[in-house]
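K.L.:
Assemble the whole structure, with the sequences as input and the hints as a guide.
2 protein chains.
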Amino acid sequence: MLFVGWGQLISFIAQTDRFMRKYLLPIFLGCAVPALVSAQQQDSVIFRQIADEVLTHSTAYDNLRVLTKEVGGRLAGSPGMVKAEHWGVAALKAAGADTVYLQACMVPHWVRGAREEARIISKRRDYTPPLNVLALGNSVGSGEGGVTAPVLEISSYEELEARKDEVKGKIVFYNYPFNPKFIKTFHSYGDAVKFRGSGASRASKYGALAVIVRSMSHGANNEPHTGAMQYDTAYPRIPAVAIGLQDADRLSQRIKDEPSAQVFLRTNCRMLADTIGHNVIGELKGSKYPDQYLTVGGHLDSWDVAEGAHDDGTGCVQSIEVLRTFKALGIKPERTLRVVLFANEENGTRGGKKYAQVAKERGEKHIFALESDAGGFTPRGFMMTMSDEQRAKVNAWRPLFLPYGIYDFDEPGGGVDVGQLNAAIGAPMAELSPDSQRYFDIHHAPNDVFENVNKRELELGAFAMAALLYMVDKSF
Amino acid sequence: MLFVGWGQLISFIAQTDRFMRKYLLPIFLGCAVPALVSAQQQDSVIFRQIADEVLTHSTAYDNLRVLTKEVGGRLAGSPGMVKAEHWGVAALKAAGADTVYLQACMVPHWVRGAREEARIISKRRDYTPPLNVLALGNSVGSGEGGVTAPVLEISSYEELEARKDEVKGKIVFYNYPFNPKFIKTFHSYGDAVKFRGSGASRASKYGALAVIVRSMSHGANNEPHTGAMQYDTAYPRIPAVAIGLQDADRLSQRIKDEPSAQVFLRTNCRMLADTIGHNVIGELKGSKYPDQYLTVGGHLDSWDVAEGAHDDGTGCVQSIEVLRTFKALGIKPERTLRVVLFANEENGTRGGKKYAQVAKERGEKHIFALESDAGGFTPRGFMMTMSDEQRAKVNAWRPLFLPYGIYDFDEPGGGVDVGQLNAAIGAPMAELSPDSQRYFDIHHAPNDVFENVNKRELELGAFAMAALLYMVDKSF
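Chains W and L supply the protein sequences, listed in that same order. To convert, note that position 147 of the first sequence is 147 in the UniProt record's numbering; the numbers rise steadily by one, no gaps. To convert, note that position 369 of the second sequence is 369 in the UniProt record's numbering; the numbers rise steadily by one, no gaps.
These are computed hints drawn from the structure, not numbers from a lab. Keep in mind that a hint or two might mislead.
Identical copies carry no separate label here, and so any pair may be met within one copy or between two of them.
[To be verified] Below are the BS3-like pairs computed for lysine-lysine, each with C-alpha atoms no more than 25 Å apart in a straight line: (1) 360 x 69; (2) 327 x 181; (3) 168 x 123; (4) 181 x 332; (5) 474 x 393; (6) 93 x 327; (7) 93 x 83; (8) 285 x 474; (9) 327 x 474; (10) 181 x 288; (11) 164 x 205.
P.N.:
What follows is the structure, given as structure tokens:
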């Protein structure tokens, strides 16, 4: 863009920011808003106030810096998670919560141990660099001696079944590529993630010694992307790793070129006995119905090898920012706003389950639950699960959201953690739906770091969440 | 995101990709598309084909890697620009253009010389690091001895006028912050860029010796953002630099703390005589009206200190990708498609002016001109300048674009380069409108590099451009 364009740009402003001028200039100028403006005009003023507050005074980005850079990786049960809980309590108090407390729950305690190793064992004398792999969460270690075996490349479960007689004594290599044709990348994830989740037991059933899974990513680098897996207890538990995309291609090519090549794989992880974790909860007491609840949250745990910036540091700091913004603007929600930093989304959902269980036991009335766990990217809308009547209300708010680039309200959904509350007591729920294009470049990988979060994108997501909660509080 | 979410995700796919299933599954399954599907259903099939082609076989990202990493910075008149022209010719031929040629034009020839220097001159004995500055494009050098003078901080032209008696013998420091309240960051740019464009002459009028301009950015780093300026020939030409945001704050604080502090500033740039540059043009001959034109382009030049990745390497490779995609899918536009890599957007618009001038002289019939020069970020829509009738046609295509996240067609506009064609002969025009949140983190700064471009975001922009041109070709 050349500077001579600014005249043109200013004319754009004149034409497109009528909205702001119409509704806000009277306030800026100290005039009273006409008493008879419509309800939606009044809401648009509040939206603008929320946006201005978040875009100028947000503490979300600084909070995220501390969480990612000073706390860092924080898998459930790890010392990092204990530090993160302390961080959460302090951040919620600083944001102005009336009450901050911990809700204990048992969490899985999986430890990676020493970094995993993998390499191609070839009779050729050429050098092949190590394969960049990460053990999958919840998987077992290989033992000190590791596994050395030929590799069977498989691209679908149908192929696995068809070739089941070839599996015994092999390392099964699921090399199913992330489908680039889906526009929303979560659909590519949904399409591919089964190999990570159940691939080990499916292969173990036929005698495989270990599995290597192509990372669920279309990133341009070679980072391996870990994530949770689960064993079917009917079959032996075997080691399971994710492999970076470039090394997946290299391994695939090598076993074609040299069918006798083997892979050596050693993982050092193990599952210990469950331990204690905590949901970190901060409340802003409802002005009219204090015993009715609006929940907003993200998960505080992250994979051990990353800073957990987008997954899900951003969801945590955005949720805290909602509370801070309400306090700063003097917005007193009628219902009690609960910010929940969930204890264990990544490899057990125990935090979400505990929260739902307690809500059910106490007979709490939950009006709405909102989650942010799809990355701190520019918001485009919300995925929602609620009654048709509630959905119709949200749809009526589209004109309020559109000036902020938020237009996509049609996809059903809700987050994994608040999903537990929905399942337990039918609470209406939604999840922030940010632009998804960059998420699987960094998801569950060592490059999910603070530097890959953009301050404004993060803040616009927090704005969207605060604005939605503001509307829901007075409408549901 | 936890893997147990994949069942849920798959259900999302089932519910939201009905569009794709409805229109594309018949093709995937080898069945004939029913003969009586509506025109818009047929178009939706083509849209899906374009998206699939771009998302699976695009050469845009690789082209961009070569342009940014092997050619690099390429200001008009520089050796880099000559290399870039060779690159452009080769890339257009590789994409399948029928004809590739150069269109010569005279361009400004501004050279930076040795990197500029600035520092605070203090009577205190404390150490202050150098100020991170970049000379503004088209500005004059300070001379060997540089400028050493007290600093007058100014935050508006109104303040400049009010304090004009204080300006003489000073360095004027325009410290107007980038307004974070605009949702589309180009509006913040339009609001702030006047200080870069005309600030030097406005201050020179009252005897200033040089100007320092706060960078037009809300980035979190200290990169200075250069860009073009212009002198008013009525006043002496004085040096002008942009300063990084952190150093702008540091300078502001220091001159408050120590009013006698001065700044030393040396710039080594100069404007040489105009030289020859070229628009690089590739054509795909129209199947029905070869003497009618659709233009699609970006600008090939970039600032010298950056790789010109988002500004505007992405626009160039996206425009080339449109042509490649049409060829790959056997789409034969009725009108001649012209991909134009403009020679000199940054500091003169001479490429766009030349293209428009030749079109006018030859009486060419230009149906539409599309530009991409707002970054290679996820597309959200198009800014358009055209007749009401044409705008109504585009609005009718909204349902086709919405599944690709493209919904914003309401803002008027068009690019700086195709704007010349619009001005000269009234050609309808549009500019790709990508998400703007990250653009001013890197705009005109050394961090505008390949690594900050996401492959899928780039490709989705190319898809949007190809889809719009496909529709316009058969409808305008």
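K.L.:
Take the hints in turn and mark each one as holding or not.
P.N.:
Comparing the hints with the structure gives:
no.	hint	result
1	360 x 69	neither (36 Å within a copy, 58 Å between copies)
2	327 x 181	between (43 Å within a copy, 19 Å between copies)
3	168 x 123	within (22 Å within a copy, 79 Å between copies)
4	181 x 332	between (45 Å within a copy, 23 Å between copies)
5	474 x 393	within (11 Å within a copy, 40 Å between copies)
6	93 x 327	within (12 Å within a copy, 60 Å between copies)
7	93 x 83	within (16 Å within a copy, 57 Å between copies)
8	285 x 474	within (15 Å within a copy, 59 Å between copies)
9	327 x 474	within (17 Å within a copy, 55 Å between copies)
10	181 x 288	neither (48 Å within a copy, 32 Å between copies)
11	164 x 205	within (9 Å within a copy, 84 Å between copies)
The structure shown violates the earlier hints numbered 1, 10.
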